[in-house]
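Asks: As you go down the protein sequences, you meet chains B and Z in turn. Numbering follows the working numbering, with no gaps: position 191 of the first sequence is 232. Numbering follows the working numbering, with no gaps: position 123 of the second sequence is 110.
Treat the hints as calculated values from the structure; they're not laboratory data. A hint or two may mislead.
To be verified - Below 30 angstroms or equal to it, Euclidean Cα-Cα: the simulated DSBU-like pairs (lysine-lysine) are: (1) Z:K104 with B:K104; (2) B:K214 with B:K157; (3) B:K151 with Z:K146; (4) Z:K104 with B:K157; (5) B:K145 with B:K67; (6) Z:K104 with B:K170; (7) B:K214 with Z:K104; (8) Z:K104 with B:K98; (9) B:K269 with B:K44; (10) Z:K104 with B:K145; (11) Z:K131 with B:K145; (12) B:K221 with Z:K104; (13) B:K147 with B:K104; (14) B:K44 with Z:K104; (15) B:K151 with Z:K104; (16) B:K151 with B:K93; (17) Z:K104 with B:K110; (18) Z:K131 with B:K170; (19) Z:K146 with B:K148; (20) Z:K104 with B:K147.
Model, not experiment: these values are computed from the prediction.
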Amino acid sequence: MIKVENLTKKFGNNEVLSNISTEIKKGEVVSIIGPSGSGKSTFLRCMNLLEKPTNGKIYINDKDLTDPKTNIMQVREQIGMVFQHFHLFPHLSVLDNLTYAPMKVKKMSKAAAQEKALDLLEKVGLSDKADAYPNSLSGGQKQRVAIARALAMEPELMLFDEPTSALDPEMVKEVLDVMKDLAHSGMTMAVVTHEMGFAREVADRVLFLDHGVLVEDGEPNSFFDAPKTERAATFLEKIL
Amino acid sequence: MNLDFTQIVPYIPFMLEGIWVTLRFVFFAILFGFIIGTVLALFKIGSIRPLRWFADAYTSIFRGTPLILQLMIIYFAVPQLSGYDISPFLSAILAFGLNSSAYVSEIIRAGIQAVDKGQTEAALALGVPYRQMMTDIILPQAMKNILPALMNEFITLTKESALVSTIGYLDLMRRAQVVGADLYRNFEPLLFVGVLYWSMVMGLTLIGRFVERRLRVSD
Ligand SMILES: Nc1ncnc2c1ncn2[C@@H]1O[C@H](COP(=O)(O)OP(=O)(O)OP(=O)(O)O)[C@@H](O)[C@H]1O
Ligand SMILES: [Mg+2]
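So that you can see chain B by itself, here it is in the shape it has in the complex:
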C-alpha cells in the first residue's frame, strides 16, 4: 500500500527524519510512537506531502509521490488525515464539512454526498448533529466529525496525528472506539499516538522513532514487553 524508502527530511540544517525505510500493507494498522520532537508528525505529514521530503522515496500503490510529475492533489484524495486539533471548517455545518470535499474535489452530486455523509455520521454516532456548527460540539464530537470528514473522501489510507491528545480524558474513549471500528473494518491506518493501550491492542505494528531515526519496527506485544533497544526501553519506562 505505502512504501517509504530512505526518507530524509531537513528543516534548514536540522535533520528531523534520517533515512527511514518501512512499509505499510493494505489493511494494516501501524502505531507511531516516540518522544516529543522525534519527528512523528513530520513523518506522517511527508506521507501526504504536507511536508516535502528532502530525500528518499514514498510509494503509494507503486506510484512515486516524490516524482514531480505526480499529481499531489490526486494523491491526497486517497489519503485521509485527522489532526490533533480537528481543524473542522467553523463556518460550515457538520454536514457541509463532510460534503464539501467530495462535491468540490470528487465532483460527487450533492444528493450522493449527503447520503454518504449521513451514513458516516451514523457510524460515528453523531446523526443528530448534521445541522450543528463545529463550535457547538465537544472535543470528542469534533474529532469524530473530523474522522467522518476524512472518510467521506473514501480514502485508502488514513493518517492520524495524536487524535486524542487535545481531548478531555472522558472523551478519549469515544474517539478510540471509532478508530477501533475503523481498524476492524479493514482500513489501512498510520496512527501517531500516546495511547499505549490502543497501540498494543489495535495496532499490527509499532514504529518507534527517536531523534528522527526509526529505532524499532515490530509487533506490539514484543515491543512493549521486550523492547530490543535501550532507547525504546527508556522511553517505555517513562510513560508506562
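We have chain B; now place chain Z with the ligands onto it with these hints.
Replies: Then chain Z with the ligands, alone, in the frame of chain B:
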C-alpha cells in the same frame, strides 16, 4: 460671541450638494482602493517573490509619505510630466484610491493570515485546490477579521477626503470655505459641514455595525 446661522440659509443647498460631490469621489476611491488592495494582498500572501517585493515596496511608499503630498504630485506633477491635464476629480480618485489600497492590502493580508493555519492544512489534506480553498474556506473566515478594519479604513478615507479642497475640487469642505469667504463669516458654514461630515461617518459606522452583527450570527 456672535453667531448668526440665518445668513447661511441661502447657501444650504449649495453646501448640501457637497455631500453628493464628496460621496461620489469617495465611493470611487474606495472601490478603486479595494480592488487594487485585494490584488496587492494576493501578491503579499502568494509565493511569487518579485510580486511580494513589489507589494511591500508599494505599501511602504504610500504609507510612508503624506497623503496630501501624493495628491499634489498627481494633480500638479502628472500634467508637467505627461502633458495630460488631469481633472481634480480624477486626481482625487487616483490619490485616495492608490493610498487606500496600501492600507486595504495590509488589512486583507492580516485578515487572511490570522486564519488558523490548520484550515489550510485540512483543506490541502482533502485534496482541495488552492483557489477553491481560498474562496470557500479561507476568505469566508478572514472576512470576520477584515470587515471591521475595512469599515474603519473607509471612515478614515471619508474624513480625509476633505484634503481635496486643496486642489480646488468643490467638495463639502471647499464649499464651506467658499461660503465663508462670501459671508466674511467662517464659523457657521464650517460648523454646518462639520455636522454633515459627522452624519456621513455615523452612517458608515451604522452600516459597519449591521454587517458585523450579520457575520456574528454564523458563529
Ligand atoms: N515547519 C517546521 N520548520 C522547522 N522545524 C520544524 C518544523 N516542523 C517541525 N520542526 C522540527 O522538527 C522536529 C520534529 O517535529 P515533529 O513535530 O515532527 O515532532 P513530533 O514527534 O511530532 O513531536 P510531538 O510529540 O511534540 O508532536 C522538531 O524539532 C521541530 O521543532
Ligand atoms: Mg507531533
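Asks: Take the C-alpha atoms of K104 (chain Z) and K110 (chain B), compute the straight-line distance between them, and say whether it is at most 30 angstroms.
Replies: holds (27 angstroms)
Asks: Tell me if the straight-line CA distance from K147 (chain B) to K104 (chain B) falls inside 30 angstroms.
Replies: With a Cα-Cα distance of about 20 angstroms, the restraint between K147 (chain B) and K104 (chain B) holds, given a limit of 30 angstroms.
Asks: Are the Cα positions of K104 (chain Z) and K98 (chain B) separated by 30 angstroms at most?
Replies: The given pair, whose Cα atoms are some 27 angstroms apart, holds under the 30 angstroms limit.
Asks: Between K214 (chain B) and K157 (chain B), does the CA-CA distance stay at or below 30 angstroms?
Replies: holds (25 angstroms)
Asks: For K44 (chain B) and K104 (chain Z), compute the direct alpha-carbon distance and say whether it is at most 30 angstroms.
Replies: holds (28 angstroms)
Asks: Does the structure keep K104 (chain Z) and K145 (chain B) at a Cα separation of 30 angstroms or less?
Replies: This hinted pair holds, its Cα atoms lying about 21 angstroms apart.
Asks: Mind checking the alpha carbons of K131 (chain Z) and K170 (chain B) for me, to see if they're no more than 30 angstroms apart?
Replies: Holds, at roughly 25 angstroms.
Asks: Would you mind confirming whether the straight-line C-alpha gap from K151 (chain B) to K146 (chain Z) stays at or under 30 angstroms?
Replies: Violated, because 48 angstroms separates the two Cα atoms, which is more than 30 angstroms.
Asks: Within 30 angstroms, alpha carbon to alpha carbon, are K269 (chain B) and K44 (chain B)?
Replies: At roughly 23 angstroms apart (the allowed maximum being 30 angstroms), K44 (chain B) and K269 (chain B) satisfy the hint.
Asks: Given the hinted pair K104 (chain Z) and K104 (chain B), is their Cα-Cα distance within 30 angstroms?
Replies: With Cα atoms ~29 angstroms apart, K104 (chain Z) and K104 (chain B) stay inside 30 angstroms; holds.
Asks: Would you mind confirming whether the straight-line C-alpha gap from K221 (chain B) to K104 (chain Z) stays at or under 30 angstroms?
Replies: Distance of about 29 angstroms is within 30 angstroms: holds.
Asks: K131 (chain Z) and K145 (chain B) were given as a pair; does the straight-line alpha-carbon distance stay at or below 30 angstroms?
Replies: holds (24 angstroms)
Hints 3, 16, 19 from the list above are not met by this structure, while the remaining hints are.
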